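Novice: Residue strings, one per chain:
Protein chains: 6
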Amino acid sequence: MRHDQRQANELRTVHMETNYLKHPEGSVLISVGDTKVICTATVEDRVPPFLRGQGKGWVSAEYSMLPRATEQRTIRESSRGKVQGRTMEIQRLIGRALRSVVDLEKLGEKTIWLDCDVIQADGGTRTASITGAFVAMVLALETLSEEKGWKKLPVKHFIAATSVGVSEGNPILDLNYMEDSSAEVDMNIVMTSNEEFVELQGTGEEATFSHQQLLDMLALGKKGIQELMEMQREALGEVASKIGGE
Amino acid sequence: MRHDQRQANELRTVHMETNYLKHPEGSVLISVGDTKVICTATVEDRVPPFLRGQGKGWVSAEYSMLPRATEQRTIRESSRGKVQGRTMEIQRLIGRALRSVVDLEKLGEKTIWLDCDVIQADGGTRTASITGAFVAMVLALETLSEEKGWKKLPVKHFIAATSVGVSEGNPILDLNYMEDSSAEVDMNIVMTSNEEFVELQGTGEEATFSHQQLLDMLALGKKGIQELMEMQREALGEVASKIGGE
Amino acid sequence: MRHDQRQANELRTVHMETNYLKHPEGSVLISVGDTKVICTATVEDRVPPFLRGQGKGWVSAEYSMLPRATEQRTIRESSRGKVQGRTMEIQRLIGRALRSVVDLEKLGEKTIWLDCDVIQADGGTRTASITGAFVAMVLALETLSEEKGWKKLPVKHFIAATSVGVSEGNPILDLNYMEDSSAEVDMNIVMTSNEEFVELQGTGEEATFSHQQLLDMLALGKKGIQELMEMQREALGEVASKIGGE
Amino acid sequence: MRHDQRQANELRTVHMETNYLKHPEGSVLISVGDTKVICTATVEDRVPPFLRGQGKGWVSAEYSMLPRATEQRTIRESSRGKVQGRTMEIQRLIGRALRSVVDLEKLGEKTIWLDCDVIQADGGTRTASITGAFVAMVLALETLSEEKGWKKLPVKHFIAATSVGVSEGNPILDLNYMEDSSAEVDMNIVMTSNEEFVELQGTGEEATFSHQQLLDMLALGKKGIQELMEMQREALGEVASKIGGE
Amino acid sequence: MRHDQRQANELRTVHMETNYLKHPEGSVLISVGDTKVICTATVEDRVPPFLRGQGKGWVSAEYSMLPRATEQRTIRESSRGKVQGRTMEIQRLIGRALRSVVDLEKLGEKTIWLDCDVIQADGGTRTASITGAFVAMVLALETLSEEKGWKKLPVKHFIAATSVGVSEGNPILDLNYMEDSSAEVDMNIVMTSNEEFVELQGTGEEATFSHQQLLDMLALGKKGIQELMEMQREALGEVASKIGGE
Amino acid sequence: MRHDQRQANELRTVHMETNYLKHPEGSVLISVGDTKVICTATVEDRVPPFLRGQGKGWVSAEYSMLPRATEQRTIRESSRGKVQGRTMEIQRLIGRALRSVVDLEKLGEKTIWLDCDVIQADGGTRTASITGAFVAMVLALETLSEEKGWKKLPVKHFIAATSVGVSEGNPILDLNYMEDSSAEVDMNIVMTSNEEFVELQGTGEEATFSHQQLLDMLALGKKGIQELMEMQREALGEVASKIGGE
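Chains as they are written, first to last, in our numbering: chain A, 763 to 1008; chain B, 763 to 1008; chain C, 763 to 1008; chain D, 763 to 1008; chain E, 763 to 1008; chain F, 763 to 1008.
Please keep in mind that the hints were generated in silico from the structure rather than gathered at the bench.
Because the structure is a prediction, the values reported are computed rather than measured.
Beta carbons: idealized from backbone N, C-alpha and C, even for Gly.
Incorrect hints may appear among the rest.
[As the list claims (entries may be wrong)] Simulated restraints, written as ranges between beta carbons of each label pair:
1) C:GLY999 to F:GLU946: 55 to 65 angstroms
2) D:ALA969 to F:LEU813: 40 to 50 angstroms
3) F:GLY817 to E:GLN846: 22 to 32 angstroms
4) D:LEU813 to E:GLN846: 37 to 47 angstroms
5) D:GLN846 to E:ILE837: 22 to 32 angstroms
6) C:PHE812 to D:ASP807: 48 to 58 angstroms
7) D:GLN846 to C:ARG842: 21 to 31 angstroms
8) E:GLU909 to D:ASN781: 41 to 51 angstroms
9) A:THR836 to B:ASP942: 27 to 37 angstroms
10) F:HIS973 to D:GLN846: 49 to 59 angstroms
[Stated by the list, open to error] Result set (BS3-like, lysine-lysine): computed pairs, CA atoms no more than 30 angstroms apart in a straight line:
11) C:LYS844 to A:LYS844
12) D:LYS818 to D:LYS1004
13) C:LYS984 to B:LYS984
14) C:LYS818 to B:LYS844
15) E:LYS844 to F:LYS784
Taking the hints into account, I'd like the entire structure generated from these sequences.
Specialist: This is how it looks when you write it as structure tokens:
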């Protein structure tokens, strides 16, 4: 039994409020337990310099936290004058993950900007961002459907993410902040709806983990991600059927 | 009649959801029409260097917008690597305004950080920030009451703010973004509950205004601010009675 | 009586030395009491990106202080690596003010850069900068007269600025540094020669001000600004007659 | 057969020249095929602020590339004025990895700085950095042995790293730059001499990978890392016997 | 004959207006032909970290140009966000030069800040800065005389600087901007009143110079510097006699 | 006799390993005593903005040190977020020096980037950089010979550099770090193979030097530079004969 009464293989309560904001092409307020992230998707009619003229699109992500998303107030990165390493790592991860399920040729020369702003943090902000950003991105792509004449969106699979870890020797799913702080091992798993991995990032900060522990964590992660995808389907409603493979 | 059917002297619909976030000492989600700002107040047990050892506290504000708070996506200031002039102006204004109603000696060597993060922008974000930050600040101060043995909080008056302007020659109250863009004159007014001014910032961008127009705008502003203070009182509930002069 | 023997409604001694430097198209060394500012105006044959191709000009201002313009040495902003909030506020104010009296369409696709460098500071540096920058700008525009075939310069009115305040309950005009430091209220007023306001920025730092005090300060400001405009006329000599409305 | 005639499970030729530089406490020039990295270890008599007074040490890493380590010249990060996301990710990885095998309590309040400077890049620079930095770190710790009276160094295990990937559907070990550019999946594996994982970072950039492919890559990685540890032992000579578990 | 009618060995007209500003401990407005520099000296009661506790003082210089000191407007270094290489070179040169004639032990733990702000540039701004900064520094040191009980100031010699060059094969003294732009060789010479060199910086930008040309330039430089020192003596009046060796 | 047994007029042992790296068009690892610098030359098919369309090339240099090139670890400039004054001075010097011997018209619209990265420092890093960068540059230019149809490279002379100084009153050649730290005077001399000066930078940090000492130092420098040029000729082998004047 975990301190919040969850089973080892149990996700926290998840909610997704779609079209949370009026300006973005797609937006969702996702909450995973007490972790809350505003994910927005913006369609921009150009691509980064290295892609120009290739008829191919791009997906780029940015991630940030409000100063009091955390227990202690964090200094803003704009005040520091630079983006921290942790932030860069996370936004690169989100971008890579989402690009892996988008058919960039079919998208054409457009960039989808995914902004993930954590308004309350309680562990798992990067995986909640990926799960939520997918929903925002699909909503934004849907706004292009008519103009583009798409029957299916240029999205090959669903994608979602969760964290798993080893705490006091036991593998657990979806760590909250308290669990994350004390776990020996922390692994983020990003998977698609065809049960393939997109990213695996396992770290034993000042610790290590065995082959068997790895397999146990992967099993937990797969279960959690399948549940998350069910919720994504529900949040997207009819649009879900326009995703490849559905 | 204005394009959103308001009278010239009518505020937009205002809501304040107090204790919106779990970590900050005080927080409110304020909405003024479609403008939505998360205001949080953090108590820090130290003061800036220039105040150390004087037994006096400080109030400091920071302001930011999510990239898609706006119609077009705005580049993050953390990505630019610097805070823009407009942002600095606004956060200096919020800080000055709130300091004017706090008894800094009574507060003692503590800093109250006010973070105003605009999640949706439709004009009047700086005045909504001041109005909301006051509520968040009072809630945060209340958490110190027991420790400090305060019967009254170290807050001398209520403070709230709104914008007024001149559009096609007519003075109007609480401009939304569309009105703000086309107004000849734009003025932000910050007042206290004893009907005194804290800040007046009137600007005729590529235009000018007469003495009579100034007087008309001041009258509208005073009316709007009194209504905003009624809503602050309601949002604060019992705590409102612990503010000086109440 | 004030500590420097002035009446409440009396300006400090003002001098303007036009064409102070040899390179700029227009320049003036303005002194208002012990406050001394070098104002230069540069004509640039292009406009900022947001204006390109519209046949319209622009006026932009920059403001800085020498490290020992002040009682204590101030660290250079170039050494800090960033421009401070106060500086940004001031240069935005100067730019907005001067733009309000220029006919930007008639100017055509040119930018007038106004550089205000304070070499000695004793209060009122931003208002002295506006008053001096106007003179430098007019001199620079005059150099375009022949090429442009202008009989009148594209300047609609004179513009000048001063500060007013409340000190020990009394309204006073043109505060020096000592007065500014101890005043309860500080207001900067920018007016045109047709007696309209361009900017009003009144602040009660840790204080407030009443409606009546506001009216008293406005009256003082108007008187001072009219006197400053007389001195601008004199400094400009014949060129003054080429300003709109003269 | 790979384009450089290697078997799928074959490392490139590896050399380690210890004490390559005269100033650092420990240094090695490691080459893995054409990838060459200068790794140095510096002992500093203090720890970062968050650790002060706890009697515990720290290990921190920095990573950089010479401008012409690469096929095309890369702009220096000092000229850009900021460290890029990729660099931050890599130096955070190196630091975390090395910390996992150091007994920080036994080290006491000292920081070991690991500088990994790539002078020639041909794929696998981050894993070569980890493998080389371990050797430099052990040499630096040995210089403290006498002063500290250590019979065993405060190093729990050997640690080394390599990359594995999937290229045209086949798992391969130790990818060079050409292979890395065309592989569908790229995974960095960091392991200890007791066959546990420290870090797993698998990425399918615009692709995905299956559970079986993951297992195949892990087997290749384990083989390669064991060979790298043999070379570390040889390079360290007698000092190798002072590492925990040997 | 030079284009401004000077002889090859003739300085431009030099003026020094001492105590030009009211706040600094020492100040001078130096003009060398059309080059005008405001030099101020500030006494600070502490030294840089590397000198603390050694009972020794320091002299540090900063150099800048107003945007329209030059023919074309130059972007401010504060706007660029960084100090340029040329500026750094010059301020390091000024600091080194002035330190060479100050008895830093006798000064005690104080820093003299020398700020050289070019308000009008016409060649030779760095040498004019050194010559002027010496005067400002001596005036500032004199303000410490009573407190320190100095009969002689802690200044070993006079120091002054000028530029020499080779233009169309002929050595010339004190180049103005036009000459500097077309000269094949440019050399800055800093000398003391006992006829020793402090700095020699000779550069053949895209050219070279012979041993004989070097000797000719040194002779011109020595003559010019002696004349500059006469003017420094005059500007300093009685204080000149308190400089070592006088 | 010097502490390392050298005569006053004796260089340290010099080695140049050409084509040290595989990617750059030209590269050399130069060692001068214990000072070791990797110099690379990169050919880029464009020139800086100020030269575009003039048919003329450019030579630009960058200089850096590995953190542990020095006795104490130095913080990376990329971590500081800015390039230091000393670095800028050095890279400007290297660039100017090398440009003086290149026929930029003959080169055409190309830039040669010279990167000098000090991997071990023991005094004289800037002069070793110039001497080594010349060799790397010539090797890079040779790769253009066929394409350009050059029989002679666009290089007018050899160029090399060394330092000289005055230590305990005696002139000495090629100072190592220990000598440099204690010398009264330090001078860097850059000369061409036709015995002309390109740069002279003599500094008496907190000291001065006489005319005779200058002449003595110049004689030592000339001798050392001639020996360095012999080694450049040897390192370049046949390519040396394609340099102008050979």
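Novice: Are the hints correct? Go through all of them and say.
Specialist: Right, here's what the structure says about each hint:
Take C:GLY999 and F:GLU946: their Cβ atoms lie about 60 angstroms apart, and the range 55 to 65 angstroms holds. Distance hint for D:ALA969 and F:LEU813: a CB-CB separation of about 44 angstroms, consistent with the stated range 40 to 50 angstroms. For F:GLY817 and E:GLN846, the Cβ-Cβ distance of about 28 angstroms falls inside the hinted range of 22 to 32 angstroms, so the restraint holds. Range check, D:LEU813 to E:GLN846: about 38 angstroms between beta-carbon atoms, so the 37 to 47 angstroms window is met.
Checked against the hint of 22 to 32 angstroms, the pair D:GLN846 and E:ILE837 passes, with Cβ atoms roughly 26 angstroms apart. One distance hint, 48 to 58 angstroms for the beta-carbon pair C:PHE812 and D:ASP807, holds here, with the actual separation near 54 angstroms. Evaluation of the 21 to 31 angstroms hint for D:GLN846 and C:ARG842 yields a pass: the beta carbon distance comes to about 24 angstroms. For E:GLU909 and D:ASN781, the Cβ-Cβ distance of about 55 angstroms falls outside the hinted range of 41 to 51 angstroms, so the restraint is violated.
Distance hint check for A:THR836 and B:ASP942: the Cβ-Cβ separation is about 32 angstroms, which falls inside the suggested range of 27 to 37 angstroms. Checked against the hint of 49 to 59 angstroms, the C-beta distance between F:HIS973 and D:GLN846 comes to roughly 51 angstroms, which is consistent with it. With a C-alpha separation of about 13 angstroms, the suggested pairing of C:LYS844 with A:LYS844 holds against the 30 angstroms cut-off. Between D:LYS818 and D:LYS1004, the direct Cα distance comes to roughly 21 angstroms. Compliance with the 30 angstroms bound is thereby established for this hinted pair.
A distance of roughly 24 angstroms separates the Cα atoms of C:LYS984 and B:LYS984; the hinted pair therefore holds under the 30 angstroms criterion. With a C-alpha separation of about 29 angstroms, the suggested pairing of C:LYS818 with B:LYS844 holds against the 30 angstroms cut-off. Restraint check for E:LYS844 and F:LYS784: the C-alpha separation of about 35 angstroms exceeds 30 angstroms, so the hint is violated.
Checked against the numbered hints above, the structure violates hints 8, 15; every other hint is satisfied.
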